[in-house]
Structure formats: structure tokens, C-alpha cells
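Colleague: As given, the protein sequences belong to chains U and A, one line each in that order.
So in my numbering the end of the first sequence lands on 308, straight run, no missing numbers.
So in my numbering the end of the second sequence lands on 1298, straight run, no missing numbers.
Hints listed in this document are in silico derivations from the structure and should not be mistaken for laboratory results.
Just to be clear, a hint being listed does not mean it is correct.
[As the list claims (entries may be wrong)] Computed, partial: chain A to chain U, Cβ under 7 Å:
| id | residue |
| --- | --- |
| 1 | M1128 |
| 2 | I1130 |
| 3 | A1139 |
| 4 | P1141 |
| 5 | Y1142 |
| 6 | F1143 |
| 7 | A1151 |
| 8 | L1228 |
| 9 | A1231 |
| 10 | F1235 |
| 11 | R1255 |
| 12 | R1259 |
| 13 | V1265 |
| 14 | V1276 |
| 15 | L1277 |
| 16 | N1280 |
[Claimed, not checked] Distance ranges between label pairs, derived from CB positions:
| id | chain 1 | residue 1 | chain 2 | residue 2 | range |
| --- | --- | --- | --- | --- | --- |
| 17 | U | R223 | A | P1032 | 47 to 57 Å |
| 18 | U | F23 | A | N1156 | 17 to 27 Å |
| 19 | U | K55 | A | S1063 | 49 to 59 Å |
| 20 | U | R173 | A | A1039 | 51 to 61 Å |
| 21 | U | V234 | A | E1074 | 49 to 59 Å |
| 22 | U | L94 | A | V1060 | 40 to 50 Å |
| 23 | A | N1156 | U | L94 | 31 to 41 Å |
| 24 | U | A256 | A | R1186 | 50 to 60 Å |
| 25 | A | V1129 | U | Q61 | 28 to 38 Å |
| 26 | U | I84 | A | P1243 | 22 to 32 Å |
[What the hints assert, rightly or not] Some, not all, of what chain U presents toward chain A, calculated at C-beta under 7 Å:
| id | residue |
| --- | --- |
| 27 | V25 |
| 28 | F147 |
| 29 | V148 |
| 30 | Y159 |
| 31 | G162 |
| 32 | I268 |
| 33 | L281 |
| 34 | A284 |
No residue lacks a Cβ here, since even glycine has one placed at the ideal position from N, Cα and C.
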Amino acid sequence: MQLAQYVLKRLGAMVLLLLGITFIVFCLMYLAPGDVTLMLVPNVPSHEQAEILRKQFALDQPLLVRYGRFLAGVLHGDLGISWIDRRPVVPQVLDALSYTLRLASVSLLLSIAVGLIAGIVSAVRHRSLVDETIMTVCLLGISAPVFVTGLLLIYLFSYRLGWFPTSGAGSWRHLVLPAVTLASFLVAYNARMMRSCMLEVLGQEYVRTARAKGLKEVVVVGRHALRNALLPMVTVVGLQVGLLLGGSVITETVFAYPGIGQLVVSAIAARDTPVVQGCVLLTAGGFILVNLIVDILYGGIDPRVRLT
Amino acid sequence: MWQGVSSRERTDGGNGRPTGQWRRLKWLLRSPRAAVGVAILAGAIVMSLGAGSFAPHDPVKASLQHRLEPPSSEFPLGTDWIGRCLLSRLIYGMRLTLFVGLVTVALGGGVGVALGLLAGFYGPRIEMVIMRATDLLLAFPYFLLTIVLVAVLGANLTNAVIAIAVWTAPHYIRLVRAAVLSVKAREFVEAARALGRADHGILLRHVFPNCLPPILVQSSTFCAQNMLMLASLSFLGLGAQPPSPELGAMLGAGRTYLRAAPQVVAVPAVGILVGVLGFNFLGDALRDLLDPRAGTRV
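Chain U with its partners taken away, still in its complex shape (with noise of 0.2 Å):
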């Protein structure tokens, strides 16, 4: 009961928080200077022509109806049509959607791996050797841009050793580079967390006594600490669904990989608003869906926790 109201509250919010960032992005696109039908055609458009354009998308009406006429839309599921190419943009939007989670699945997943052992082994090791290497490590993969690391791995696996392709989509092939200089940005934040909580939990007074049970090492820390430091991640990995649909605008780039993220970038700079409007929608909705999602799971795993 309690569990349906709080789904609820939330699902409000999130429908005002969508209003206004789909409504900041209509004014910025609104807003941003030159004559948008110029840059609709190839050509100069005449005066007519011009006229017949404006018709056709409705530039000529004021700011409110148009996107009211957006939100008329989104109610049945038509985000219009692209003012580039005329293709419906539902179709498009979705296309460039499932390739983006093809690709962040994959690195969420490794970085959740490769990261949770890393911080697990850098808190056993506290202060030592172990674990200022790797704290040094991860510092260096938060520091390194993503293109960087993208066009190191390019030059290493595609040019000298020509195991994978340098860009495009399909096959696993196309995927492993992508993935791994997404997931390479991750990593450290996920080990750095893992580390931070796996710390905390260490000094609590129950692995004191697990310990003092005489329980091996391995069973207090996998067993009794490794629970409890795994609750917060829960959150941090929500939240890195954010970092990822970020992290992905460069990475696709640098691949030439089409997903959502060179979509919305090429979208704005051809200033064709109806596929920037569809890719804000659902990425921000999808970033703070996900995060209502984890929230109640949170409340679900923790029974400590209280969702209000």
C-alpha cells in the first residue's frame, strides 16, 4: 500500500521533471538564433518555399502551441517527423536506442565486475602496496577523457595488432572497443565507491565479531562485510546510467557507432528539433526511471531503508 503511493509520488515527479527539461530544450532550440528554414534545404529556399516550409512544421506559430502540439504528440506516442530527412522520428529515436544499450549494457556489466573486485581487494589491502596501486590506476581511468582512451585502444587493437574494427556497428567485433572505453571510465568510479563503502563496513562492530568468532577471513569479508558494502552501489550504479548516455555522445563518436548519443549530437547541430525533443524524452526518462527502479529495490534489499 504504502509501496503504490510512494511509486506514485514518484511517477509524478517525473513526469513534471520531463515537462520542464523537454520544455528548457523547446525554448534553447526555440531561441537559438538564424532562420531554422534555411538550413532545412539544400538550397536557398524562396520566398514561397520558405513560406511552405514554416507551413509544414508549424515554425509559424507561436512558441506555446507548438509545444503543446509536442506534448498532444507524446501523449500518442507520434514525436513527429524529422525536418532533415522527413522520416517519422519514434522509429529513428528507438533504432539509435537499441544499439546505445547494446553497447552500455555491455560496459555496465564489465565495470560492475571488474570494479567491485578491484575495490573489494584495494579495502582488504588497506594502505598497502595493493591498494595504492590500484587507487592510482583508477584515478588515472577517472582522469583520461573518453576519447582518449578510445583512441588508444584504436591505435593498439585496430592498427598495430588489427584485431577489431576501428568503427561501425554489427557484429561482437564492433562492440569490444566501444565497450571497454566506456566501461575503462566506470571502472574506477565503481572501484573507488566499492572501496569506500567495503571500508566503512569493515570497521562496523558485527565484523568485529565475526571475526572474533574465528570465522576465516574470506567468509567475513565475502560474507558478512561484502553484504552490507554492496547496499549503497545499488544507488551508484542507478545513477551511473547518467554517466553512461554521457559517456556514450563521445564514445559513438570516436567509433562512428549509431546510437543515441551521435544522434542527439547531430540532431542539434542540424538543428532539427522534432529528433532532439524524441532523444532528450527518452533519455532523460529513461535516467530517472531507472533511478526511481533502484530506489525501490533499495527499499526492497534494505529493510532499514524507508522510501517516504
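Start from chain U and add chain A according to the hints.
Modeller: Frame of chain U; chain A shown alone:
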């Protein structure tokens, strides 16, 4: 006198054990990462201040007879695709990156701190307005807001700085508000109030100084973060425009030559990495020093 109380609280770092503080400071000085961070930043600052005398060439002057040359005595790090000296471009690029990192944090952080103080200290109405706006900005997926802002304002360095500052501010608002809420509940604030100090006096002289440690840590991390963001924007062609020696722009334009002349990509890549690393090292070290729970956290 009451200020004295509040400042003693601050130096105690909340745990009231000066010995622990000293041990931390010593550990900090022994920590190789902190030392490396400080060394990198000092080096970068010296290089930036004396860019004119350190750089062997004009960073934007092309010399077409020296295209894509490997390192030589005349061009210590080689040249790019129109024969510009990569070392000179690196030095000027580092200066630009450093400058943008600091300016965006000063702008976004300044506004964020001010609004955060207001939201945390004054009544619920003002807090509601500020925090709802903050939530809205933070709900944008990372990077999306900046890209849209720059694309709309026009792709150049000034607009990139504005967009990055706008992205920075809400993070400070949230941090500072949380800090104010916890400081506000402490005894010395109550004491100041009992003595009849005005609200803004309490806010500026008692609450604000006690919020500084987390702000300092966050500023170092955000310098690094914002340097990365500028490089990313420029890489996409949305930040500094050619022929400006911006490191991300150098990488973006130079990556076609990755196979033929890797130094064109390697030089700016290492430059960004080292600069960002410097701030991240410093941020980590600061966190260890200033966080009362240092040693148990990242």
C-alpha cells in the same frame, strides 16, 4: 569572541583530536599521489604564466614545409598536419585548459555557493524554489545540457565556459545546502543567535566558514571535471574553435592522422590526462585531509 568558538570547531575538523589531524597531515605529505598532484599543478601553473618564453614557436603559426614531422631539435615534440609546433601548442593548450577549469569553477561554484547558502539558511519558500530548479538541472543526463546550451548559444569558447558553469552550479547548490543544514544545527550557531547577531552575520561569519571544507574538495574535483568537459566539447567541435590550441580540439581535428603520425594525437592526449590528473590527485588528498572521517573514505 564567538567567532573564536566557531573557528576552533573548524580547525578541530569535528573530531576534537588534534593529534589525529597531525597524523593525517603527515600521511598526506608522505602520500605519493598528493605530492605528484601538487607537483603537476605547480608545473602547469609555472608553464602557463611563462607560456611566451617556454614555447619555442608561435602555437598557431603554420609552416607547410614541416608537416607531420617526428620530434626533432627544432620541434621537440614534432609538428601537426600544417606544420605547427606541437610543444608550443601543448603549452598554450594547457594554459587555456587550466584557465577554463578555474574560471568555470569560480563562476558556477560562486553562484552555486551563494544559492546553496540561501536555500539552506533561509525559510522553506526560498529553499523550495531553488531546490526544485536544482533538481531539474540535475535530472538532465550528464553532458546533454551542456551540449544543447552550446549548440544554441553558438559554438565558441566563451559559450562553452558559460554552459559548463551552468552545469557546475547545481552541484554546488546541493552540496552547500546540505552542509548549511548540518552546520545550522550546531551549538555555536544557536549561541550566536542568542547573542542577537543578525541572520546574514551568522550566515557569513559562522555558517559559511564551516561549510568550506567540502566546498574546497569539490572545487578541486570540479576543476578536473570541467577541464574534461571543455576538452570533450571541443573534441565534438562545440568548444574552442581552430586554430586555437585547445587540447580537445587538437585531438578532434588530429585524429585522422592517428595512424600516420601518432604524436599529433598523443601530445594533446597526454596533456589533458596530466592536467586533469593533477586536480584529481589534489582533490583526493584534500578530501583525506579535510574530511573528519578521512582514512575511512575514498
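Colleague: Work down the list of hints and note, for each, if the structure agrees.
Modeller: Each hint tested on the structure:
no.: 1; hint: M1128; result: violated, 13 Å
no.: 2; hint: I1130; result: violated, 14 Å
no.: 3; hint: A1139; result: holds, 5 Å
no.: 4; hint: P1141; result: holds, 4 Å
no.: 5; hint: Y1142; result: holds, 3 Å
no.: 6; hint: F1143; result: holds, 3 Å
no.: 7; hint: A1151; result: holds, 4 Å
no.: 8; hint: L1228; result: holds, 5 Å
no.: 9; hint: A1231; result: holds, 5 Å
no.: 10; hint: F1235; result: holds, 5 Å
no.: 11; hint: R1255; result: holds, 6 Å
no.: 12; hint: R1259; result: holds, 5 Å
no.: 13; hint: V1265; result: holds, 6 Å
no.: 14; hint: V1276; result: holds, 4 Å
no.: 15; hint: L1277; result: holds, 4 Å
no.: 16; hint: N1280; result: holds, 5 Å
no.: 17; hint: U/R223 - A/P1032: 47 to 57 Å; result: violated, 34 Å
no.: 18; hint: U/F23 - A/N1156: 17 to 27 Å; result: holds, 26 Å
no.: 19; hint: U/K55 - A/S1063: 49 to 59 Å; result: holds, 54 Å
no.: 20; hint: U/R173 - A/A1039: 51 to 61 Å; result: violated, 42 Å
no.: 21; hint: U/V234 - A/E1074: 49 to 59 Å; result: holds, 57 Å
no.: 22; hint: U/L94 - A/V1060: 40 to 50 Å; result: holds, 44 Å
no.: 23; hint: A/N1156 - U/L94: 31 to 41 Å; result: holds, 34 Å
no.: 24; hint: U/A256 - A/R1186: 50 to 60 Å; result: holds, 55 Å
no.: 25; hint: A/V1129 - U/Q61: 28 to 38 Å; result: holds, 31 Å
no.: 26; hint: U/I84 - A/P1243: 22 to 32 Å; result: holds, 30 Å
no.: 27; hint: V25; result: holds, 6 Å
no.: 28; hint: F147; result: holds, 5 Å
no.: 29; hint: V148; result: holds, 4 Å
no.: 30; hint: Y159; result: holds, 5 Å
no.: 31; hint: G162; result: violated, 12 Å
no.: 32; hint: I268; result: holds, 4 Å
no.: 33; hint: L281; result: violated, 11 Å
no.: 34; hint: A284; result: holds, 6 Å
This entry does not satisfy hints 1, 2, 17, 20, 31, 33, going by the numbered hints stated previously.
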